[in-house]
Amino acid sequence: MRAKRFDIARLGVLTAALALLVVLWPGSAGVSYASSCIDCHSAFDDPEISGPAKKFHDDVHFQKGLSCVDCHGGNASKGYDEGDPDLAHDRKAGFVGAPKTADIPKFCARCHSDIEYMKKYNPKLRVDQYLEYRSSVHGKRLESGDTKVATCVSCHGVHDIMPVKDTRAPVYKTNVAKTCSGCHSNAKYMEPYHIPTNQFDLYSASVHGEKLLKEGDLAAPTCNNCHGNHGATPPGLMSVSNSCGECHANNLEYFNESPHKEAFADLGVGECDACHGHHDVNKTNDTMLGVGDEAICVTCHDQGDPGYQTAAAMATEFDTLKAMLGEARTLLNKAERGGVNVSLGKFDLHTADDALVKARTAVHYFDTSKFNPIIVSGVSATENVMDLGNKAMWDLKLRQIGLGFTLPLVLLVALALYLKIRQIERRKPIP
Amino acid sequence: MSDSSRRSNLVAWFDQRLGWSTIKEVAMHKRVPMHKHSIWYYLGGMTLFCFLVQIITGIFLLLYYRPTAEGAFESVEFIMTEVPFGWLMRSLHSWSANLMIFFAFVHLFSVFFMKAYRKPRELTWISGAFLLILSLGFGFSGYLLPWNQLAYFATKVGTDILGQIPVIGHWLLVVARGGDNVTGATLTRFFGVHVAILPMITTFFLLAHLALVQKQGMSIPIGDEYKNCRQMPFFPNFALRDLVGWTLALGTLVLLASIFPWELGEKADALASAPAGIRPEWFFCFMFQTLKYIPGKVWFINGELLGILGFGIGGLALILVPFLDRKAAHEQRNTIMTAIGWVVILYIIVFTVLAYMD
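Quick note, the sequences are listed as chains F and A, same order.
Per our numbering, the first sequence starts with residue 1, numbered consecutively.
Per our numbering, the second sequence starts with residue 432, numbered consecutively.
A few of these clues could be false.
To be verified - Okay, derived cross-link-like pairs now, DSSO-like style, lysine-lysine, Cα gap no bigger than 30 Å in a straight line: (1) A:K455 - F:K420; (2) F:K420 - A:K646; (3) F:K120 - F:K188; (4) F:K322 - F:K346; (5) F:K334 - A:K698; (6) F:K358 - A:K698; (7) A:K698 - F:K397; (8) F:K64 - F:K173; (9) F:K420 - A:K467; (10) F:K428 - A:K461.
Claimed, not checked - Now the stretches of chain F that chain A is said to cover, found in silico as 3 or more residues with beta-carbon under 8 Å: (11) 397-403; (12) 415-428.
Everything labelled a hint here was simulated from the structure, so no lab data went into it.
Glycine included, every Cβ here is placed at the ideal spot set by N, Cα and C.
Please construct the entire structure, taking both the sequences and the accompanying hints into account.
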């Protein structure tokens, strides 16, 4: 009898412990809280109603422990079992449902602009998106009543929002251009705004688009690198160069020191984009400099004017360095193919190559007095390489001469030995 | 006193002290059998010639080489670019090392097929087998010394194999590397092994091998047709023929060193990824490739360990060949041993080619 009572007590304690474990199990409360909304919405055939519930598991908010009611309010613990959705969608419990397009930025900003709240999830996350958005063309038009413009969900999605670093996110760097083009390449959609819709095509074919979209080079810019993201605005004529200068810092610095800075401003033309274009920035090549058929300089400069002469002089200097480098490289390769170690020459060749790269950037001085010293340093480094290349070639020649002498000598010795053997064996034959 | 009598007095003076007339007497009376396989008698001498080239060029390289991780690559680069004829010395050293191992292998197999290991030449064979193993040791230790990328990773893979040996594996690996990883300590260690330990042991085995060859003379293959073959005086007939071979070998070495100088490659970088197609020197390739084909686990034994065990038994069998071939000891042809020899040659060639095709 005692043993039976003991067994019952033990069973009771075990059951209580198990119940406690279920209740206290990490995350168990959150999941059940969310799932009552999800259970109900998932049961509908209409994708408009079931879609959000089905997608939400991939959403960063869900993964951070947030539930439907954290955005939409309402009472998630009621309604499903009772078969009455109104109990869940109770306005008294703060239910707000789906916000209207015009309210979306503010809706998201309730949390995303709350510095204390956001710190709990990610202390590094910025909280000024709403402010920026309001300064953007999108934000301003939205405030003026245009609900066709992009809001948070247009770019980030809704109910399946992913972190920017997630390659599946529409705002991941390689996906941004495609996301923007969703609206900006839609001619019909963009018709009221009277802006071009070929930016994506131009960008895709540009050097930036090639690098990012085809080669996956994340250092290459996409739409938001020049236009901003939440504060998306077309850069003004004079501020385009500042966007470019974010990456091409030296080019911008040299350009600002150049005579073109003032001249372009006076003419009212863009800075970088005047020669390089903007969405369709092509890969630069050395023939852009000078007065040849493919040169950009002759677009504005006519024969006889000082700019024309400067362009011609810079191109000549540049081509000289480039030709010398090619010659030096050929020399080293020739010696190396011949088997001479040219590692020292190759090391110096890097210095000369660097000078050529610097010269390409220094073109933006558009001033021979600043450009030529860089060419001179390159020429000096190249001459050094040429010396080493010539020395290597001389070494190669010496080897060939040495080999030419040594081999016949060796064969001669072998022949002499052979004749000696014959002589010995003729005098004293082997028995 | 005339010049000739002065010279003969000097010769006599040295002879009294060194007794070289006895050596001359032995050489003059030594005979080398002449038959259709006599050509193989020259291979031992050819291997010796390459070894002598190794010593001479090695001493030259030693004058400039610095055995540290910081200086090794740069010093070899210096030898190749700045030191007059440094490139030639290094290339001769590398080419002659490879030719030495090649000739050592061919010499071993020629001796094997002619059954020259049979009584009373068992010790000559054993000392020769040890010399081949020592040559491989020279090759393995010397490969790392330029401290380039390929050598670094090949040594890493090579010494990793040691770690697979049960119980003492890790200890052996640490002893070989001078630590857990291939570092400057490994380089210094390999250098010491390459220029001091191996030469010392090799000198002992080489002298023993040569003394035994001189004492017992050249072996005649089994068979009645060889019994009454002609005999060529070792000196000067055979010695001069040897010299012709050495002269031609020297010419070949100079030709190879000049037209195909040994490359230096990139400096070793432990943080860089291993170069593609990494493999050891050609003479280790058949073993390397075999280990690649053995599955990770064979029954319950580690596959790599099984491979190492197999090569260990193979090495032991090689040393014990004279005692395994009882027929040869009784002057009888042993077709099974000959067949085994051909299978081993075929295996080495096929697996080496496969390693290069991988």
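Each hint tested on the structure:
1. Among the hinted pairs, K455 (chain A) with K420 (chain F) is consistent with the structure: their alpha-carbon atoms are about 20 Å apart, no more than 30 Å.
2. Proposed proximity of K420 (chain F) and K646 (chain A) is supported: the alpha carbons are some 28 Å apart, at most 30 Å.
3. For the suggested pair K120 (chain F) and K188 (chain F), the alpha carbons sit about 43 Å apart, so the restraint of at most 30 Å is broken.
4. The straight-line distance between the Cα atoms of K322 (chain F) and K346 (chain F) is roughly 16 Å, inside the 30 Å bound, and the hint therefore holds.
5. Taken as a hint, the K334 (chain F) and K698 (chain A) pair is honoured in the structure, with Cα atoms around 22 Å apart against an allowance of 30 Å.
6. The suggested pairing of K358 (chain F) with K698 (chain A) holds, with an alpha-carbon distance near 28 Å, which does not exceed 30 Å.
7. For the suggested pair K698 (chain A) and K397 (chain F), the alpha carbons sit about 27 Å apart, so the restraint of at most 30 Å is met.
8. Restraint check for K64 (chain F) and K173 (chain F): the C-alpha separation of about 23 Å stays at or below 30 Å, so the hint holds.
9. Using a Cα cut-off of 30 Å, the hinted pair K420 (chain F) and K467 (chain A) holds, with the two alpha carbons roughly 23 Å apart.
10. Taking the CA atoms of K428 (chain F) and K461 (chain A), the gap is about 16 Å. The hint holds against a cut of 30 Å.
11. Given a C-beta distance limit of less than 8 Å, the hint that chain A covers the stretch 397-403 of chain F holds, as 4 residues qualify and 3 suffice.
12. Counting residues of the stretch 415-428 of chain F whose C-beta sits closer than 8 Å to any C-beta of chain A gives 6, which meets the bar of three, so the coverage hint holds.
Taken one by one, the earlier hints fail for this structure only at number 3.
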